[in-house]
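Undergrad: Below, each chain spelled out in residue letters.
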Amino acid sequence: EAGVVQSPRYKIIEKKQPVAFWCNPISGHNTLYWYLQNLGQGPELLIRYENEEAVDDSQLPKDRFSAERLKGVDSTLKIQPAELGDSAVYLCASSPGGPAGEQYFGPGTRLTVT
Amino acid sequence: GDSVTQMEGPVTLSEEAFLTINCTYTATGYPSLFWYVQYPGEGLQLLLKATKADDKGSNKGFEATYRKETTSFHLEKGSVQVSDSAVYFCALRETGANNLFFGTGTRLTVIP
Numbered sequence: 001e002a003g004v005v006q007s008p009r010y011k012i013i014e015k016k017q018p019v020a021f022w023c024n025p026i027s028g029h030n031t032l033y034w035y036l037q038n039l040g041q042g043p044e045l046l047i048r049y050e051n052e053e054a055v056d057d058s059q060l061p062k063d064r065f066s067a068e069r070l071k072g073v074d075s076t077l078k079i080q081p082a083e084l085g086d087s088a089v090y091l092c093a094s095s096p097g098g099p100a101g102e103q104y105f106g107p108g109t110r111l112t113v114t
Numbered sequence: 115g116d117s118v119t120q121m122e123g124p125v126t127l128s129e130e131a132f133l134t135i136n137c138t139y140t141a142t143g144y145p146s147l148f149w150y151v152q153y154p155g156e157g158l159q160l161l162l163k164a165t166k167a168d169d170k171g172s173n174k175g176f177e178a179t180y181r182k183e184t185t186s187f188h189l190e191k192g193s194v195q196v197s198d199s200a201v202y203f204c205a206l207r208e209t210g211a212n213n214l215f216f217g218t219g220t221r222l223t224v225i226p
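So the protein lines, in turn, are chains Y and D.
First residue of the first sequence? That's 1 in the numbering used here, and the numbers climb one at a time after it.
First residue of the second sequence? That's 115 in the numbering used here, and the numbers climb one at a time after it.
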């Protein structure tokens, strides 16, 4: 069974440019998460989807970040415009759903903003 | 609010040494507790978990016991190997909730 797929793995952009990250969860997983992991820190939740509905986006900086999960499968996280402080690893995870479902993580996208 | 405090690293051990990575937590309810491991270039993987007080999670020679009286979930392994070199994250999830709260991670390097 394929795991959570993320692309790109690495991205370098200049500040004020837009950037997008893509995530394909494990087949059949209804719940999808985006996390932000700063250097030397643990992951922090940005947004959680149940199918196509964003059920927890309280930590998503909505002035520059947006996300979508059309059709309840793949998801895209976008930053526009990027700032230097956005340099981090963006992790996607999925779970079968329900509060007891184990979360499976993708390898992440490492973003560097110059 | 919920939080996890993890032993700061990095930790460097010789092969076959004993490992302890401390983790304490603050939670409003009765959380489940987890240890995740992140090998170089890979995503986080669940290493072990415990869902109630006094439960012991174990996997791949690693163990951690859910201690409610000390709000702790320390990770231990009796004899580490070079292949255990990774970053280890302690995390909690409140009962009935989906979201995980992670500690800052502890980098372990095992030298031959």
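FYI, nobody ran anything at the bench for these hints, they're computed from the structure.
Heads up, a few of these hints could be off.
As the list claims (entries may be wrong) - Sample of chain D residues facing chain Y (criterion: CB under 10 Å; computed from the structure):
{"id": "1", "residue": "Gly-157"}
{"id": "2", "residue": "His-188"}
{"id": "3", "residue": "Phe-216"}
{"id": "4", "residue": "Gly-217"}
Claimed, not checked - Label-pair distances were calculated between CB atoms; the ranges are:
{"id": "5", "chain 1": "Y", "residue 1": "Gln-59", "chain 2": "D", "residue 2": "Gly-123", "range": "21 to 27 Å"}
{"id": "6", "chain 1": "D", "residue 1": "Tyr-144", "chain 2": "Y", "residue 2": "Glu-44", "range": "30 to 36 Å"}
{"id": "7", "chain 1": "D", "residue 1": "Glu-122", "chain 2": "Y", "residue 2": "Leu-70", "range": "37 to 43 Å"}
{"id": "8", "chain 1": "Y", "residue 1": "Leu-70", "chain 2": "D", "residue 2": "Glu-183", "range": "32 to 38 Å"}
{"id": "9", "chain 1": "D", "residue 1": "Pro-124", "chain 2": "Y", "residue 2": "Glu-83", "range": "38 to 44 Å"}
{"id": "10", "chain 1": "Y", "residue 1": "Asp-63", "chain 2": "D", "residue 2": "Ala-167", "range": "40 to 46 Å"}
In this text, a Cβ means the ideal position worked out from N, Cα and C, and glycines have one as well.
Undergrad: Decide, hint by hint, whether the structure agrees.
TA: Hints and how they fare:
1. Gly-157: holds (4 Å)
2. His-188: violated (17 Å)
3. Phe-216: Since the shortest Cβ distance to chain Y is 3 Å, the answer is holds.
4. Gly-217: Because about 5 Å separates Gly-217/D from the closest Cβ in chain Y, which is inside the 10 Å limit, the hint holds.
5. Gln-59/Y with Gly-123/D: 21 to 27 Å: holds (25 Å)
6. Tyr-144/D with Glu-44/Y: 30 to 36 Å: violated (23 Å)
7. Glu-122/D with Leu-70/Y: 37 to 43 Å: holds (41 Å)
8. Leu-70/Y with Glu-183/D: 32 to 38 Å: violated (48 Å)
9. Pro-124/D with Glu-83/Y: 38 to 44 Å: Given about 29 Å between the Cβ atoms, the range is violated.
10. Asp-63/Y with Ala-167/D: 40 to 46 Å: holds (42 Å)
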